[in-house]
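Colleague: For reference, the chains in residue letters:
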Amino acid sequence: MTDTRSHFHQELEDLEKTLLGVADRAEQMVKLAVEAFTDGEVPKANDVIARDDEIDQIYLDVHNRWLHLMARQQPMGSDLRMMSVLLHMNTTLERMGDQCVNISKMALATEGLPRVDVISDELREMSDLVRAMIRTGIQAVIRRDADEARLLPAMDEPVDRLNRDMYREVVRSGPDLQRLEWATKAMMVSRALERVGDQVVDIGEQLAFLLTGEMAEFDEEGVIGAGDEPAT
Amino acid sequence: MTVDAPERELQELFPTEVEYRDLLDRRTRRARLFQAGCMLALTIAVVALATLLYTIINDSFGLVAVVNEREPADIVAELGYDPATVALIDVPYDRLVGLLEATVGTGVGRRLEREQRFYPDRLVFEPQPSWDEVCSSEEPVPGCTATPRDQANIYALVQERVVQPDIVATYDLVPSLLDAEGFEAQVAAGFEAGRFEDYTPEQIRIEWRAWFNPTFLMTPSSATPETAGIRTAILGSAWLVAITILFAVPVGVGAAIYLVEYAKPSRLNDFIQTNIYNLAGVPSIIYGMLGLAILVRVLEPFTSGSVFGGTGASDNGRTVLSAGLTLGLLTLPVVIISAQEALKAVPNSLRQAAMGLGATRWQMVRSQILPVALPGILTGTILAVARAIGETAPLILVGAASFITVDPTGPFSKFTALPIQIFQWTSFPQEEFQRIAAAASLALLILLLVLNAGAVILRNRYARKA
Amino acid sequence: MTPETTSDTVEENRPPTTMEDPMEQPQAITQTGTERSGSVDPLDQPSVMRTEAMDVFYGEFRAVKEVSMGFAGNEITALIGPSGCGKSTVLRSLNRMNDLIPTARVEGRVLFHDREIYDSDVDPVEVRRRIGMVFQKANPFPKSIYENVAWGARINGFKGKRADLDDLVERALTQAALWDEVKDKLSESGYSLSGGQQQRLCIARALAPSPEVLLMDEPCSALDPIATLRIEELMLKLKERYTIIIVTHNMQQAGRVSDRTAFFTVDVNERGQRTGKLVEFDETDRLFTSPAEKETEDYITGRFG
Numbered sequence: 001m002t003d004t005r006s007h008f009h010q011e012l013e014d015l016e017k018t019l020l021g022v023a024d025r026a027e028q029m030v031k032l033a034v035e036a037f038t039d040g041e042v043p044k045a046n047d048v049i050a051r052d053d054e055i056d057q058i059y060l061d062v063h064n065r066w067l068h069l070m071a072r073q074q075p076m077g078s079d080l081r082m083m084s085v086l087l088h089m090n091t092t093l094e095r096m097g098d099q100c101v102n103i104s105k106m107a108l109a110t111e112g113l114p115r116v117d118v119i120s121d122e123l124r125e126m127s128d129l130v131r132a133m134i135r136t137g138i139q140a141v142i143r144r145d146a147d148e149a150r151l152l153p154a155m156d157e158p159v160d161r162l163n164r165d166m167y168r169e170v171v172r173s174g175p176d177l178q179r180l181e182w183a184t185k186a187m188m189v190s191r192a193l194e195r196v197g198d199q200v201v202d203i204g205e206q207l208a209f210l211l212t213g214e215m216a217e218f219d220e221e222g223v224i225g226a227g228d229e230p231a232t
Numbered sequence: 001m002t003v004d005a006p007e008r009e010l011q012e013l014f015p016t017e018v019e020y021r022d023l024l025d026r027r028t029r030r031a032r033l034f035q036a037g038c039m040l041a042l043t044i045a046v047v048a049l050a051t052l053l054y055t056i057i058n059d060s061f062g063l064v065a066v067v068n069e070r071e072p073a074d075i076v077a078e079l080g081y082d083p084a085t086v087a088l089i090d091v092p093y094d095r096l097v098g099l100l101e102a103t104v105g106t107g108v109g110r111r112l113e114r115e116q117r118f119y120p121d122r123l124v125f126e127p128q129p130s131w132d133e134v135c136s137s138e139e140p141v142p143g144c145t146a147t148p149r150d151q152a153n154i155y156a157l158v159q160e161r162v163v164q165p166d167i168v169a170t171y172d173l174v175p176s177l178l179d180a181e182g183f184e185a186q187v188a189a190g191f192e193a194g195r196f197e198d199y200t201p202e203q204i205r206i207e208w209r210a211w212f213n214p215t216f217l218m219t220p221s222s223a224t225p226e227t228a229g230i231r232t233a234i235l236g237s238a239w240l241v242a243i244t245i246l247f248a249v250p251v252g253v254g255a256a257i258y259l260v261e262y263a264k265p266s267r268l269n270d271f272i273q274t275n276i277y278n279l280a281g282v283p284s285i286i287y288g289m290l291g292l293a294i295l296v297r298v299l300e301p302f303t304s305g306s307v308f309g310g311t312g313a314s315d316n317g318r319t320v321l322s323a324g325l326t327l328g329l330l331t332l333p334v335v336i337i338s339a340q341e342a343l344k345a346v347p348n349s350l351r352q353a354a355m356g357l358g359a360t361r362w363q364m365v366r367s368q369i370l371p372v373a374l375p376g377i378l379t380g381t382i383l384a385v386a387r388a389i390g391e392t393a394p395l396i397l398v399g400a401a402s403f404i405t406v407d408p409t410g411p412f413s414k415f416t417a418l419p420i421q422i423f424q425w426t427s428f429p430q431e432e433f434q435r436i437a438a439a440a441s442l443a444l445l446i447l448l449l450v451l452n453a454g455a456v457i458l459r460n461r462y463a464r465k466a
Numbered sequence: 001m002t003p004e005t006t007s008d009t010v011e012e013n014r015p016p017t018t019m020e021d022p023m024e025q026p027q028a029i030t031q032t033g034t035e036r037s038g039s040v041d042p043l044d045q046p047s048v049m050r051t052e053a054m055d056v057f058y059g060e061f062r063a064v065k066e067v068s069m070g071f072a073g074n075e076i077t078a079l080i081g082p083s084g085c086g087k088s089t090v091l092r093s094l095n096r097m098n099d100l101i102p103t104a105r106v107e108g109r110v111l112f113h114d115r116e117i118y119d120s121d122v123d124p125v126e127v128r129r130r131i132g133m134v135f136q137k138a139n140p141f142p143k144s145i146y147e148n149v150a151w152g153a154r155i156n157g158f159k160g161k162r163a164d165l166d167d168l169v170e171r172a173l174t175q176a177a178l179w180d181e182v183k184d185k186l187s188e189s190g191y192s193l194s195g196g197q198q199q200r201l202c203i204a205r206a207l208a209p210s211p212e213v214l215l216m217d218e219p220c221s222a223l224d225p226i227a228t229l230r231i232e233e234l235m236l237k238l239k240e241r242y243t244i245i246i247v248t249h250n251m252q253q254a255g256r257v258s259d260r261t262a263f264f265t266v267d268v269n270e271r272g273q274r275t276g277k278l279v280e281f282d283e284t285d286r287l288f289t290s291p292a293e294k295e296t297e298d299y300i301t302g303r304f305g
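Protein chains in written order, with the numbering used here: chain A, 1 to 232; chain B, 1 to 466; chain C, 1 to 305.
Derived from the structure by calculation, the hints contain no laboratory data.
All C-beta atoms, glycine included, are put in the ideal place defined by N, C-alpha and C.
It is possible that part of the hints are untrue.
Computed list of chain B residues with no C-beta within reach of chain C, every gap over 12 Å [said to hold, decoys possible]: (1) 45; (2) 102; (3) 356; (4) 383; (5) 390.
Result set (DSS-like, lysine-lysine): computed pairs, CA atoms no more than 27 Å apart in a straight line [unchecked claim]: (6) B:344 with C:143; (7) C:185 with C:137; (8) C:237 with C:137; (9) C:159 with C:183; (10) C:65 with C:294; (11) C:161 with C:137; (12) A:17 with C:294; (13) C:277 with C:294; (14) C:294 with C:137; (15) B:344 with C:137; (16) C:65 with B:264; (17) C:159 with C:143.
The following block holds chain A by itself, in its conformation from the complex:
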């Protein structure tokens, strides 16, 4: 198979690699940010904020490269869909970084406050789940595997559930005002994590579009909602 547009395809690949690298960083940032919050480690929070600055830089850079590629190359077919996916991923990943910054800011805001262990445990669990989702998403994109992408809604379900339960735990964290304050902030961390989970599902849907040419949302079972059946 000769590739008559190997230069272009190489640039497309590079763009994809860059974004997958950002996803990888995002995964670490989730870990660090949540740890910073549950363990009260300020340096970690600052680290995450600094890393997000880098992600913002990369976002601008990727956007530029994307624009130039579009102008020069007139992509078609799957190349065109890939361009669409990359644009989407760029925005989504940048937002993921922003969510991690939010978590870090919560960590900074609750410095010195007492923790609620139950909530901490649940947050760590959410963090693990979300990070697993990110890695699954990355793998699915690398392998162009729609089946793996379809696992994502199921993996997001517990994240959503934990997020919903977080309210009860916050209420239960008792009359102590300081614990309550921490718990309230924890609620926002939970919300941030839930959002990251949704964003990973988004990326999964993008992958399905790349593979099938149909743009649609996953339902809970990971089946494409509207349009024709995806290929095997």
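Using the hints provided, position chains B and C relative to the given structure of chain A.
Modeller: Chains B and C only, in chain A's frame:
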């Protein structure tokens, strides 16, 4: 390493700087040698052609030693005109006829008149009062149908019969210009050698003569070289050219159009094509034999005109029509080939465009192809005809008369042609005949030049238009 | 690769790649392909012209095989594909221009308004009047601009007087977006125009006999980009009145102007003979964003061998 190594090996096979320069010198020398060789070839060709031209022109002009039985100036004066202002040829027709009547014998006069009338209505040498009687006999004479004589004709007769110039010696052009005295010496020596026994030195006049002159072109042929002209031959050639064109062009161009535009590739068409090429190379005498066998003999009723109501002018097939058709057949393959080339040179995109608009093939050919191909067809035709004008062998076979003084009047006339006339005159030993043969050759050359120039002009004009 | 491994080895300056296996590259999506319906003849409306299992032969050589497609009225249909895939052959078969090649032969059916154009009682001259053609290299006649346009109408029996012919010429030149540029020099030679203008003159010439369908064989391939765009604009206007079928080797052009696109490719059989075939025929939008056939996808993304 693996990429560079072959590169370096190959580089070593090229000459070094020094080697290259040596080689370059040798190459340049060889190139110049070839150039010189080609120029030499051109020079040889040009010299050969120039020599030919020189010879012809040299023979066509020069000094002559002539004895007139009666000087033209004296005749003019006798007739009552001023010789200083009036030339013999300008003397009115009637006076010249009267002069002739007074000079030649009745028998000769009658013969001349029967060959060609002096006057349309009345007779000069016959006892009968009118032509009708003469012409109503069983075998009417040529004079009944031939056009009456005209001024040039009567002048020629007077020259021949009254002036009776006798040229005893001739001289080439270049010596005439450079060494006139040499000629006088030559004539004097001739007298001493006793060659001019009939005359005395006083009778001989040395004068300049242009064998090729306007009168020469307008005078009909005659037995004496001094008075002969090529009018009959030119008219004969003109008729031949006309008939050739009228036959060869429509038939040839039509055949070419069919072969190029309509015929589908097939073995039959290849066969026809090959044979047309072959026919173009067939020697012209073969065409002469064909003409003789078929046109002159088998188709005699048609070519002699008897089927159309015989004129009796020529009761056999050796007419201008037969010869013209023979030449037409001769030029036909060449016309077909050059028309084919012209048609094939039209870019195919024009055909596609025309057919794409829903044209029939004929509409396409007529409106788009022919106009573009026309200059090429014309050029080819003119060149083919120019070749035909010079053909001698087939005309001999088909019966060009070698001595005829009557202008051809129609397709069924007897005729002669320039090449035939030249051929005939060169076969006589007398110097004077060589001179007029050269003059006739010059005429033929000029005619060909004009035709070729016409072809070039036409081609350039249409090439600029396109 | 497990999540634990990743978290244990986290470093500040990890290289931005998660390729555990450096050889595992993102796989081309074409490995899976997309299979959708809509490969052949998706016309959902009556067609002006269509072919049914059309084969075109030059002597014994089969240039293109089994082409079945329909052309909708007042649309532009583009035929694209690599060289030798038979798209020009297909185009020329639609107005019987292939008849001019002695060895050419068409099998199958070609229907114009449901009438088979290769029937023995159909005159190709009439077919070509109703299905006109514009060629790759502009080929105006060596006549005046006026005559170029008028000739087609004349030979087809135009009955009007000179004033009517003037109107016809003006109308054709206007439709070809050339009138303003030549209206003051109608008697000048067609060759006095620039390349792009000459091609528009050829378009006007083709329009003069009032055809229904206009076939265009790579009409812009010999023109500069600006002239090309002008003719593309022209095409988009013309399709309001005519049905246009265009062969182009420029995919972007097909993308810019056509409503439907047919992709052809070359099939090489065991004996090395190359025959063209129709791979996919769909609305242009779909064909260029998510083609159904892998061959189409490979061609439009430049991955073919």
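Colleague: Give a verdict on every hint.
Modeller: Status of the hints after comparison with the structure:
Against chain C, the non-interface label of residue 45 of chain B holds: every CB pair exceeds 12 Å, the least being about 37 Å. Residue-level check passed: residue 102 of chain B sits 68 Å from the nearest beta carbon of chain C, beyond 12 Å. Taking the minimum C-beta to C-beta distance to chain C, about 4 Å, the non-interface status of residue 356 of chain B is violated against the 12 Å cut. Interface exclusion of residue 383 of chain B from chain C stands, the closest Cβ pair being 24 Å apart, more than 12 Å.
Once the 12 Å rule is applied to beta carbons, residue 390 of chain B is consistent with being away from chain C; the minimum gap is 35 Å. Restraint check: the Cα-Cα separation between residue 344 of chain B and residue 143 of chain C comes to about 19 Å, which is no more than 27 Å; the hinted pair holds. Straight-line distance between C-alpha atoms of residue 185 of chain C and residue 137 of chain C comes to about 23 Å, which keeps the hinted pair within the 27 Å bound. Distance restraint check for residue 237 of chain C and residue 137 of chain C: the Cα-Cα separation of roughly 22 Å lies within the 27 Å cut-off, and the hinted pair is therefore satisfied.
The suggested pairing of residue 159 of chain C with residue 183 of chain C holds, with an alpha-carbon distance near 23 Å, which does not exceed 27 Å. As the CA atoms of residue 65 of chain C and residue 294 of chain C are separated by approximately 19 Å, the hinted pair is consistent with the 27 Å bound. Our distance criterion of 27 Å between C-alpha atoms is broken by residue 161 of chain C and residue 137 of chain C, whose separation comes to about 32 Å. Distance check on the hinted pair: residue 17 of chain A and residue 294 of chain C sit about 25 Å apart at the alpha-carbon level, within 27 Å; holds.
Our distance criterion of 27 Å between C-alpha atoms is met by residue 277 of chain C and residue 294 of chain C, whose separation comes to about 14 Å. Distance hint between residue 294 of chain C and residue 137 of chain C is unfulfilled; the C-alpha atoms sit about 33 Å from each other, more than 27 Å. Under the criterion of a C-alpha separation no larger than 27 Å, the hint pairing residue 344 of chain B with residue 137 of chain C is consistent with the structure, at around 19 Å. A hinted pair counts as satisfied when its Cα atoms are at most 27 Å apart, and residue 65 of chain C with residue 264 of chain B qualifies at roughly 26 Å.
Distance hint between residue 159 of chain C and residue 143 of chain C is fulfilled; the C-alpha atoms sit about 21 Å from each other, no more than 27 Å.
Consistency with the previously given hints fails for numbers 3, 11 and 14, ordered from lowest to highest.
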